[in-house]
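Assemble the whole structure, with the sequences as input and the hints as a guide.
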Amino acid sequence: MGLKKKITSNVESINAESINVKNLEEQRKHSRDYDGLLNLLHEGDPSERRWAARDLAEFPQAIDSLCQRLTQEGDLIVREAIFDSLLQISQANDASARNIILELIPLLRSEDTPLRNGVIEVLQNLPNSVAPHMEKLLQDKDSDVRIFAIDILRELAHPDTPAWLLDVINRETHINVLANAVDRLAEVGTEDMVSELQKIKIRFPREPYLSFAVDTAIRRIEGI
Amino acid sequence: MKRVLIVDDASTVRMYHRDILEKIGFAVEEAENGIEALEKSLLTPFDLFLVDVNMPKMDGYRFLEEVRQRTELQHIPAIMISTEEQELDKEKAYLAGANFYQVKPADPIALQHYVELLAGGSNP
Amino acid sequence: MIPPAVGDSMQNQAAQRKIGDQELQIADSEFERFRDFFYRKTGIYFEDSKRYFVDKRIIQRIQETDHHSFRSYFTYMRFQASGEELQVLINLMTVNETYFFRESYQFDCLVGPVLDEVCKNKRAGEPIRIWSMPSSTGEEPYSIALYLLERWAGINDVDIELMASDIDSRVLRCCRDAIYSPRSVKNLPADILKKYFLLLPNGDYQLCRDLRDSVEFSQVNLVDSNDTRAFRNIDVIFCRNLLIYFDDASRRMAAEVFYDALNPGGFIFLGHSESMSRITSLFNVRKFNDAITYQKPF
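Protein chains in written order, with the working numbering: chain A, 5 to 228; chain B, -3 to 120; chain C, 335 to 632.
Treat the hints with care, since some could be wrong.
Stated by the list, open to error - Partner residues are not named here, just some residues of chain A that face chain C (Cβ under 10 Å, in silico):
{"id": "1", "residue": "G78"}
{"id": "2", "residue": "I81"}
{"id": "3", "residue": "D88"}
{"id": "4", "residue": "D98"}
{"id": "5", "residue": "A99"}
{"id": "6", "residue": "R102"}
{"id": "7", "residue": "R113"}
{"id": "8", "residue": "Q128"}
{"id": "9", "residue": "N132"}
{"id": "10", "residue": "H137"}
{"id": "11", "residue": "E139"}
{"id": "12", "residue": "E159"}
{"id": "13", "residue": "T165"}
{"id": "14", "residue": "R224"}
Stated by the list, open to error - Reference excerpt, derived from the structure (chain B facing chain C, CB under 10 Å, subset only):
{"id": "15", "residue": "D5"}
{"id": "16", "residue": "E32"}
{"id": "17", "residue": "A33"}
{"id": "18", "residue": "E35"}
{"id": "19", "residue": "Q70"}
These are calculated hints, taken from the structure and not from any lab test.
Using N, Cα and C, we set each Cβ at its ideal position, and we do this for glycine too.
This is the structure we're talking about:
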């Protein structure tokens, strides 16, 4: 008993020695064949579905199936694997990234909170592919979707972000959408926005949070 | 001094609520999302949670469900504050374990009132 | 400012930069803006007392990236798709030192409640597998070994397999040589130092052969599935002060790798100032004594 060193010292041998690795290989006997993986994604137990989702990261053609599975999948572990695979696929090429965006954007309307938040996180990682959709999202007729679009902007590494937010504060009338945009401007606001920000306080004189947020944003912008 | 944990992914919202609660004598800590909130609440005893819904990694509903499942946390009252205005959202909040639900932006006087009510005043 | 003359334009530009930068100061609201951003990204919150520490490093990066104001530097960093500048900043803002028994409250937690729980779920004769990744120069895996031998009640009842990996083959050589400076062993109790180390003529300490042989070292790139595939059925992972230096995508991938590697119910320890809250919701948050650890669900 005690501290026991393995007899061999290379990774392949550890692999060969471990019985449990063999069990894992059995679990993945459908592995690497596309149709088998798709089947497992839908029909397997949670652990199998997760492995299928992970392995499908190699197959850009799986985007549709992965996104569709998201709406049906109740297991957080599997969902996470799907999101991670979508992110991996999106790094492969721009066309894949574009397809993923198109499939995920409608999910912003879902009532499923963790699903929506997972979608927002993926979109945040794809600034160039999300950019062409931003204006439309920021003008969506559903105020919730507009709020989620502004949540995407919290992390989005795209230089048009301040301009998009300026548009929002110029035309937005919904308090919570406005408030969310102003919160963003505390980080990315620019000097040309100060007068528009001040106008918000005049437009909404009885909104203490909004006033506070505007004052904070202006203070940060002016770099006092 | 009683302690409140403010859980919200928007820093301005956290600052604003901090001001409101510090004014009535509460000590405040902050968390960006449900996971961070869980970590902090396991390490420090809180008297109340002020919880947003939409946050990355772990949303407010899931945070409250976790709290209600843990013996060391389940007794702590929680006010959920959210932009969601539907009756359904309020029900979801109560089902998850919120004691009270307020729609954003919360009126500061009302918020102070409910925090004092649920946390039992700022002094132990 | 007088525009630089053609002939000595480089010199003049350098002089101008020097003059400009001597005036570089970070305003209060700029520090706040930076602090909020850094906290959101990493979970690390700089108290006001760290103002000098933080300002100095921001100014350093402003200069090194050829910016002349906080504003332009922050904009550059905030909208950089690769996230490289943020990574550089994180490196600057965090302390990378390694030494024996660093953040030992986590080792206390290991040999107490964590291994208790792990043992409860083990069949008779099953070994416990612990993985230290990155091993760096070996202080962490060897600290674990020392703790197990000296502070774990179960050491005589159960087999433990200790594995340690790093992407860098040079540090792995250091691990195998196991020669450490006085600074590195400063936190070791005198009796442990005496029992397990040999004082070398030059003042360094070498770990005894038995302990050197008790850890299985390997070269592993965490984001290369060919390297990580073999790590399975692990009970406890120590991944301290590595993930904070990864970008978001790599962090998520690493989390999946750890999930794959762990047994159900297995535990991960991150660095003291790191948190899964900025990485993934795959794991359950657990707290033992003063330590936060993350558990793979059953």
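* Which earlier hints can't be squared with this structure? -> 1, 4, 5, 6, 7, 10, 11, 19
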